Structure formats: C-alpha cells, structure tokens
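Enquirer: Per the numbering used here, the sequence shown runs over residues 1 to 255.
Hints in this document: simulated from the structure, not taken from any laboratory. The model shown is predicted, which means the values in this text are computed figures rather than measured ones. Among the hints, a few may not be true.
In the DSS-like style, the derived pairs of lysine-lysine whose C-alpha atoms are separated by at most 30 Å in a straight line are [to be verified]:
{"id": "1", "residue 1": "38", "residue 2": "128"}
{"id": "2", "residue 1": "170", "residue 2": "158"}
{"id": "3", "residue 1": "203", "residue 2": "128"}
{"id": "4", "residue 1": "158", "residue 2": "128"}
{"id": "5", "residue 1": "195", "residue 2": "82"}
Between beta-carbon pairs, the in silico distance windows are [as the list claims (entries may be wrong)]:
{"id": "6", "residue 1": "116", "residue 2": "195", "range": "36 to 42 Å"}
{"id": "7", "residue 1": "234", "residue 2": "129", "range": "39 to 45 Å"}
{"id": "8", "residue 1": "96", "residue 2": "61", "range": "21 to 27 Å"}
{"id": "9", "residue 1": "88", "residue 2": "200", "range": "21 to 27 Å"}
{"id": "10", "residue 1": "11", "residue 2": "226", "range": "22 to 28 Å"}
{"id": "11", "residue 1": "205", "residue 2": "16", "range": "18 to 24 Å"}
{"id": "12", "residue 1": "239", "residue 2": "1", "range": "43 to 49 Å"}
{"id": "13", "residue 1": "153", "residue 2": "229", "range": "32 to 38 Å"}
{"id": "14", "residue 1": "15", "residue 2": "118", "range": "43 to 49 Å"}
{"id": "15", "residue 1": "212", "residue 2": "61", "range": "18 to 24 Å"}
{"id": "16", "residue 1": "189", "residue 2": "130", "range": "27 to 33 Å"}
{"id": "17", "residue 1": "96", "residue 2": "246", "range": "42 to 48 Å"}
Glycine residues also receive a C-beta, built at the ideal position from the N, C-alpha and C atoms.
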Amino acid sequence: LDEAAYQRFNEIFEREVAVFFVATGTAANSLSLTAYNKSGGISFCHRESHVIEDECGAPEYFTGGSRLYAVDGALGKIDPNKLDRAVDRFAAEIVHSGRPMAVSITQSTEVGTIYTLNEIARISAIAKHHKLPLHMDGARFANALVALETTPAEMTWKAGIDILSFGGTKNGCWCAEAIVLFDLDRARELAFLRKRAAQLFSKSRFIAAQFEAYFTDDLWLDTARHANAMAARLAALIEDSPSARLAWLPQANEV
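Given only the sequences and the hints, what does the whole structure look like? Please build it.
Expert: Listed below in structure tokens is the structure:
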C-alpha cells in the first residue's frame with residue numbers, strides 16, 4: 001500500500017518525489033524546516049502563518065533553537081519586497097544575529113486567501129537569490145488547488161517550491177499528512193529526522209490507505225470544491241448580515 005501511494009504522489013506531481021507520511025501538520029511543517037536546519041538558522045514566514053502562531057514553538061523545538069522571523073504582508077501573504085529586506089538584514093550571517101535558513105509560505109493562507117502562481121514564483125525567486133529553500137505549508141493544499149484551477153506540479157515545484165507539507169486531515173482524512181520532497185538530495189536526511197521525531201509509523205499502511213482512497217476518482221478535489229463552496233455560502237450570509245462583516249474575502253475554505 002505504501003509503494004502504491006508513493007506512486008500516486010509521483011503521478012499527481014508529474015515527477016519523482018520523496019514522500020514521508022506523518023501524523024500531523026505540525027510534524028510535517030517542523031520536519032520540513034528541520035530538513036534545512038543550520039545552527040543559528042532563521043526561517044522567514046508570514047506574521048499570521050500557522051508555523052509561527054499555532055504550533056507552540058514546535059519548529060523551533062525540532063530544529064534545536066533555530067527561530068522563526070515574521071514578515072508582514074497584506075491578505076495573509078508575505079510581501080516579496082519585505083521578505084527581501086528581512087533576509088538582507090541577516091545576509092552577513094553575523095554570529096550574534098543568526099543566518100537565513102529557509103522561507104515558508106502557507107497555501108491557502110491562515111485567513112483564507114491564496115497565493116497566485118506568479119506570487120509563489122516571485123517569492124521563490126527571492127528565496128533562490130538568497131540561496132534559501134522554499135517550503136509550502138499545504139494544510140489546505142487541495143482547497144487552493146481547485147480555487148486556482150491549476151495542477152499540483154504548477155503550484156509547487158514548477159513555481160519553485162522545494163518541500164511541501166501536504167495536508168489530508170483538513171480535507172477529509174484522519175491522521176494523514178505527508179511531507180513531499182522535491183529536493184531529492186535531502187531525502188535520506190529527512191528519513192532519519194522523521195524516525196527521531198517519532199513519526200515513522202510501524203503500520204504506515206493505515207495512512208497509505210487513506211491517501212489511496214483520497215486520490216481515487218479525484219475525491220480529494222471534489223471534497224475541496226465542496227468545502228470552498230460552503231465557505232463562499234457562509235461568507236455571503238455574513239455579508240448580508242447587518243451585525244457582522246468579513247475581515248477578508250475568502251478564496252478557499254476559511255471565513
């Protein structure tokens with residue numbers, strides 16, 4: 001079952017990828033950033049991102065003290081110019097300040113908005129200019145995918161993503177997340193990191209079986225479309241209400 005699921009991921013992403021099943025999105029994000037860890041490392045993310053706001057310091061814990069640096073941007077998305085300036089602050093790698101390690105974006109964001117493919121590519125270009133890997137927290141990957149009407153390949157490695165936290169739990173799975181690694185040179189290191197983090201399941205077929213069902217007949221895309229439609233319906237009701245207003249216009253399944 002595991003091998004069949006790995007092959008499905010290869011097909012979906014239109015290339016060979018390394019897949020690591022884990023139990024939670026927090027584990028996926030933390031291990032993804034740890035795969036690129038440096039002593040004194042700094043990972044750059046949006047101020048409202050899940051990794052910095054809702055994971056209780058897990059990425060810092062997994063990396064042994066590397067820190068997260070908040071970058072501002074409208075609509076829950078990193079502003080590319082502010083990202084560039086933030087990384088520049090640490091480009092000299094002064095021992096007292098730390099050194100850049102990675103960039104992380106959330107797709108869809110924590111406020112229900114979505115990075116366009118061009119926006120992802122722009123952030124990737126900045127990350128690559130600074131020789132940094134780009135991580136995508138895809139807890140709601142399917143919701144963003146169907147909203148953009150694009151392909152998994154176009155929204156990830158073709159746009160410059162190096163490593164992805166592929167979410168299943170927020171779209172119908174139970175305890176099923178995956179780290180999808182496009183930078184295959186990191187695969188062996190990540191295998192050891194997953195084991196040390198107690199995320200290597202002895203019966204991983206129970207996660208693989210979920211993903212097998214998830215992908216069959218595009219179920220994952222259908223459930224994402226339904227969730228997005230229900231969010232849009234709720235948003236419309238709020239807009240019509242005299243006692244409430246929308247903080248952001250939802251593009252995925254968060255209101």
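Enquirer: Hint by hint, note whether the structure agrees.
Expert: Checked hints:
1. 38 <-> 128: Distance ~17 Å between residue 38 and residue 128 Cα, so the pair holds.
2. 170 <-> 158: Between residue 170 and residue 158 the Cα gap is close to 24 Å, so the pair holds against 30 Å.
3. 203 <-> 128: 38 Å, violated
4. 158 <-> 128: 14 Å, holds
5. 195 <-> 82: 36 Å, violated
6. 116 <-> 195: 36 to 42 Å: 37 Å, holds
7. 234 <-> 129: 39 to 45 Å: Given range 39 to 45 Å: holds, Cβ gap about 40 Å.
8. 96 <-> 61: 21 to 27 Å: 22 Å, holds
9. 88 <-> 200: 21 to 27 Å: 38 Å, violated
10. 11 <-> 226: 22 to 28 Å: 23 Å, holds
11. 205 <-> 16: 18 to 24 Å: Hint holds: Cβ distance 21 Å, inside 18 to 24 Å.
12. 239 <-> 1: 43 to 49 Å: This hint holds: roughly 45 Å between Cβ atoms.
13. 153 <-> 229: 32 to 38 Å: 25 Å, violated
14. 15 <-> 118: 43 to 49 Å: 21 Å, violated
15. 212 <-> 61: 18 to 24 Å: Given range 18 to 24 Å: violated, Cβ gap about 32 Å.
16. 189 <-> 130: 27 to 33 Å: 21 Å, violated
17. 96 <-> 246: 42 to 48 Å: 43 Å, holds
Hint violations for this structure: numbers 3, 5, 9, 13, 14, 15, 16, all remaining hints satisfied.
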